[in-house]
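Participant: Between the sequences and the hints, there should be enough to build the whole structure, so can you do that?
Residue numbers (my numbering), protein chains in the order written: chain A, 1 to 116; chain B, 1001 to 1113.
Keep in mind that the hints were calculated from the coordinates and are not lab data.
C-beta atoms are modelled at their ideal positions from N, C-alpha and C, and glycine is treated no differently.
One thing to keep in mind: the hints can contain errors.
[As the list claims (entries may be wrong)] Computed list of chain B residues with no C-beta within reach of chain A, every gap over 12 Å:
| no. | residue |
| --- | --- |
| 1 | 1026 |
| 2 | 1070 |
| 3 | 1100 |
[To be verified] If you want the footprint, here are the derived chain B segments under chain A, 3+ residues with CB under 8 Å:
| no. | region |
| --- | --- |
| 4 | 1014 to 1021 |
| 5 | 1055 to 1067 |
[Unchecked claim] The calculated label-pair distances, taken between Cβ atoms and stated as ranges, are:
| no. | chain 1 | residue 1 | chain 2 | residue 2 | range |
| --- | --- | --- | --- | --- | --- |
| 6 | A | 18 | B | 1080 | 32 to 38 Å |
| 7 | B | 1052 | A | 116 | 26 to 32 Å |
| 8 | B | 1096 | A | 70 | 43 to 49 Å |
| 9 | A | 64 | B | 1018 | 45 to 51 Å |
| 10 | A | 40 | B | 1052 | 21 to 27 Å |
| 11 | A | 27 | B | 1003 | 20 to 26 Å |
| 12 | A | 7 | B | 1096 | 37 to 43 Å |
| 13 | B | 1040 | A | 61 | 24 to 30 Å |
| 14 | B | 1015 | A | 41 | 23 to 29 Å |
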Amino acid sequence: GAGVSQSPSNKVTEKGKDVELRCDPISGHTALYWYRQSLGQGLEFLIYFQGNSAPDKSGLPSDRFSAERTGGSVSTLTIQRTQQEDSAVYLCASSFTPGGGSTEAFFGQGTRLTVV
Amino acid sequence: AQSVTQPDIHITVSEGASLELRCNYSYGATPYLFWYVQSPGQGLQLLLKYFSGDTLVQGIKGFEAEFKRSQSSFNLRKPSVHWSDAAEYFCAVQSTGFQKLVFGTGTRLLVSP
Chain A
1 GAGVSQSPSN KVTEKGKDVE LRCDPISGHT ALYWYRQSLG QGLEFLIYFQ GNSAPDKSGL
61 PSDRFSAERT GGSVSTLTIQ RTQQEDSAVY LCASSFTPGG GSTEAFFGQG TRLTVV
Chain B
1001 AQSVTQPDIH ITVSEGASLE LRCNYSYGAT PYLFWYVQSP GQGLQLLLKY FSGDTLVQGI
1061 KGFEAEFKRS QSSFNLRKPS VHWSDAAEYF CAVQSTGFQK LVFGTGTRLL VSP
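Facilitator: Written out as structure tokens, the structure reads:
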């Protein structure tokens, strides 16, 4: 696709349920990020995938959060046993990193997660 | 670890006045530097970026930013603010393309008539 696509755009779930958020990065982009943005807050880094390297999971807030990236493309962020404090907008971004250089990260529109 | 500081949480500027948003970073070498804007209900859009070379970079929508190595700063400027510039502005740094992109906490810009 032309841009980073995230689905669903909105998700309401009951406390304690598991949710999966999907991100389709721009084709050919080697790097993929997940960020969380709570109401009125900045961007909280969650996890970073770069090519075939082990992901940087240093931002995941608890072991209820996990993410995978299949085939170097689509990524799924899973939140188990959701809590109300998980309510936020989850943003995905991708970029192309030729030889360790950098290009801009392109962001999706986000998934707004509401835990009730 | 690299970090980014945006000291101003909110800034209010009169329409037509000049604007400067501050950004300081902590990193040993010169990182890649970015400014993003997020309008209400919208995703993040890149305003400009600095990788190397000329320390004054021009971006979209009339914005510019100046990299000052001695001050570890990358401040965003605009000579004349328009009401449509009201948004949240995020500074971001990246040590290399193989490292994660780290964002500041953002500065919310309000434009008064």
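Participant: Against each hint, give a clear statement of whether it holds in the structure.
Facilitator: Tested hints:
1. 1026: Correct as stated: the minimum Cβ-Cβ distance to chain A is 15 Å, above 12 Å.
2. 1070: Non-interface label stands for residue 1070 of chain B: nearest chain A Cβ at 23 Å, farther than 12 Å.
3. 1100: Incorrect as stated: the minimum Cβ-Cβ distance to chain A is 4 Å, not above 12 Å.
4. 1014 to 1021: violated (count 0)
5. 1055 to 1067: violated (count 0)
6. A/18 <-> B/1080: 32 to 38 Å: Check failed, 50 Å falls outside 32 to 38 Å.
7. B/1052 <-> A/116: 26 to 32 Å: violated, 49 Å
8. B/1096 <-> A/70: 43 to 49 Å: violated, 25 Å
9. A/64 <-> B/1018: 45 to 51 Å: This hint holds: roughly 46 Å between Cβ atoms.
10. A/40 <-> B/1052: 21 to 27 Å: Violated: the Cβ-Cβ distance is about 35 Å, outside 21 to 27 Å.
11. A/27 <-> B/1003: 20 to 26 Å: Violated: the Cβ-Cβ distance is about 32 Å, outside 20 to 26 Å.
12. A/7 <-> B/1096: 37 to 43 Å: violated, 31 Å
13. B/1040 <-> A/61: 24 to 30 Å: holds, 26 Å
14. B/1015 <-> A/41: 23 to 29 Å: holds, 27 Å
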